[in-house]
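Chemist: In the UniProt record's numbering, the protein residues as written are 1 to 310.
No wet-lab data here; the hints were simulated from the structure. Where a beta carbon is used, it is the ideal one built from N, C-alpha and C, also for glycine. Among these hints, one or two may not hold up.
For each label pair, taking beta carbons as the anchor points, the in silico distance ranges come out as [said to hold, decoys possible]:
#, residue 1, residue 2, range
1, M69, T174, 39 to 45 Å
2, D138, P285, 32 to 38 Å
3, L234, G304, 15 to 21 Å
4, E66, V135, 40 to 46 Å
5, V131, T221, 20 to 26 Å
6, R167, I237, 34 to 40 Å
7, S305, T174, 40 to 46 Å
8, D230, R167, 37 to 43 Å
9, T181, I237, 30 to 36 Å
10, M69, T264, 45 to 51 Å
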Amino acid sequence: MSQNSSRNLLNINVGILGHVDSGKTSLARALSSHFSTAALDKSVQSKERGITLDLGFSCFSTSMPEHLMKAAAKSPSDNHNYSGIQFTLVDCPGHASLIRTIIGGAGIIDMMLLVIDVGKGIQTQTAECLVIGEVLTDHLIVVLNKVDLFPEDKRKEKIEKLTKKLRQKVFKLTKFGANVTMVCTAANPGGTPPDDLVQEDHTIDKRTSNIDELVSVLRSTVRLPTRSSDGDFLYAIDHCFGIKGKGTVLTGTILSGRIKVGETVEIPTLKLERKVKSLQMFHQPVKVAQQGDRVGMLVTQLDGSLIERG
1 MSQNSSRNLL NINVGILGHV DSGKTSLARA LSSHFSTAAL DKSVQSKERG
51 ITLDLGFSCF STSMPEHLMK AAAKSPSDNH NYSGIQFTLV DCPGHASLIR
101 TIIGGAGIID MMLLVIDVGK GIQTQTAECL VIGEVLTDHL IVVLNKVDLF
151 PEDKRKEKIE KLTKKLRQKV FKLTKFGANV TMVCTAANPG GTPPDDLVQE
201 DHTIDKRTSN IDELVSVLRS TVRLPTRSSD GDFLYAIDHC FGIKGKGTVL
251 TGTILSGRIK VGETVEIPTL KLERKVKSLQ MFHQPVKVAQ QGDRVGMLVT
301 QLDGSLIERG
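Assemble the whole structure, with the sequences as input and the hints as a guide.
Modeler: Now the structure itself:
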């Protein structure tokens with residue numbers, strides 16, 4: 001849970017997984033209102049190759065669904081007075097050579113979106129990501145993307161045929177079952193230049209299809225995760241960069257415990273302890289963060305090149 005003067009949001013980490021080029025990053029872009037420094041394939045290598053090479057993080061916030069408010073009120077935790085919910089999207093690469101990165105991203109998620117290109121169906125990495133999902137989460141939503149590629153006069157028929165096949169031939173054989181939730185989308189219709197889909201006020205461009213429905217499904221099916229500020233502080237680092245004259249920023253997800261500005265963190269691999277100068281969640285300053293939160297922390301006197309993911 002993040003705490004500052006203006007908001008008290010329950011953070012839900014949503015993994016976006018699927019085969020390479022199924023539209024995962026386009027989906028994250030269409031859903032999101034705030035982006036981290038590691039979002040939307042910003043690296044030079046990702047742009048040159050046109051695929052996701054590392055974990056990307058972005059988010060959007062909504063009002064608190066009624067069923068979650070009731071569940072939170074019954075929670076033994078003292079921290080249940082949430083003003084809303086923040087969905088943090090973890091955009092995982094789909095290329096086979098990056099499976100370790102995919103698993104690293106999946107390890108921090110509360111729920112999962114499995115993105116399937118409707119023109120290609122289940123592909124190699126789709127199946128691998130489904131196996132990862134079976135191991136790491138009980139909450140899966142299947143996103144049938146690129147439905148705009150079907151001719152409009154045959155679209156309904158083709159989608160019905162595909163969903164029936166997937167339910168009976170694939171998902172019936174998994175723990176998610178044949179009745180797994182499915183949503184059809186066109187996150188980047190007609191191959192529209194991606195940067196042209198996000199408007200200045202961060203609203204979803206009307207050229208995308210069914211993104212609002214996907215948001216509605218996320219809100220209606222999200223479950224209250226187990227969150228606790230007790231226990232030792234454990235933090236999964238995924239990115240690191242320096243800010244000249246200020247220090248080094250570590251970004252990642254809190255696996256257990258909590259952290260406050262001014263406290264000291266230990267980096268076991270380097271046998272170092274460093275003081276936390278400031279904390280941010282998607283560019284918003286906070287004073288404290290706890291289990292489940294994605295947070296960036298600024299520390300001093302740390303060589304970022306020595307930091308390893310994990």
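Chemist: All hints are to be evaluated individually against the structure, with a verdict given for each.
Modeler: Here's how the hints hold up against the structure:
1. M69 with T174: 39 to 45 Å: Distance hint for M69, T174 is violated at roughly 31 Å.
2. D138 with P285: 32 to 38 Å: holds, 34 Å
3. L234 with G304: 15 to 21 Å: Taking Cβ atoms as reference, L234 and G304 lie about 20 Å apart, which means the hint holds.
4. E66 with V135: 40 to 46 Å: violated, 31 Å
5. V131 with T221: 20 to 26 Å: holds, 22 Å
6. R167 with I237: 34 to 40 Å: holds, 39 Å
7. S305 with T174: 40 to 46 Å: Holds, since S305 and T174 (Cβ atoms, about 42 Å apart) stay within the stated range.
8. D230 with R167: 37 to 43 Å: Given a distance of about 41 Å, which is inside 37 to 43 Å, the answer is holds.
9. T181 with I237: 30 to 36 Å: holds, 32 Å
10. M69 with T264: 45 to 51 Å: violated, 36 Å
Checked against the numbered hints above, the structure breaks hints 1, 4 and 10 and satisfies the rest.
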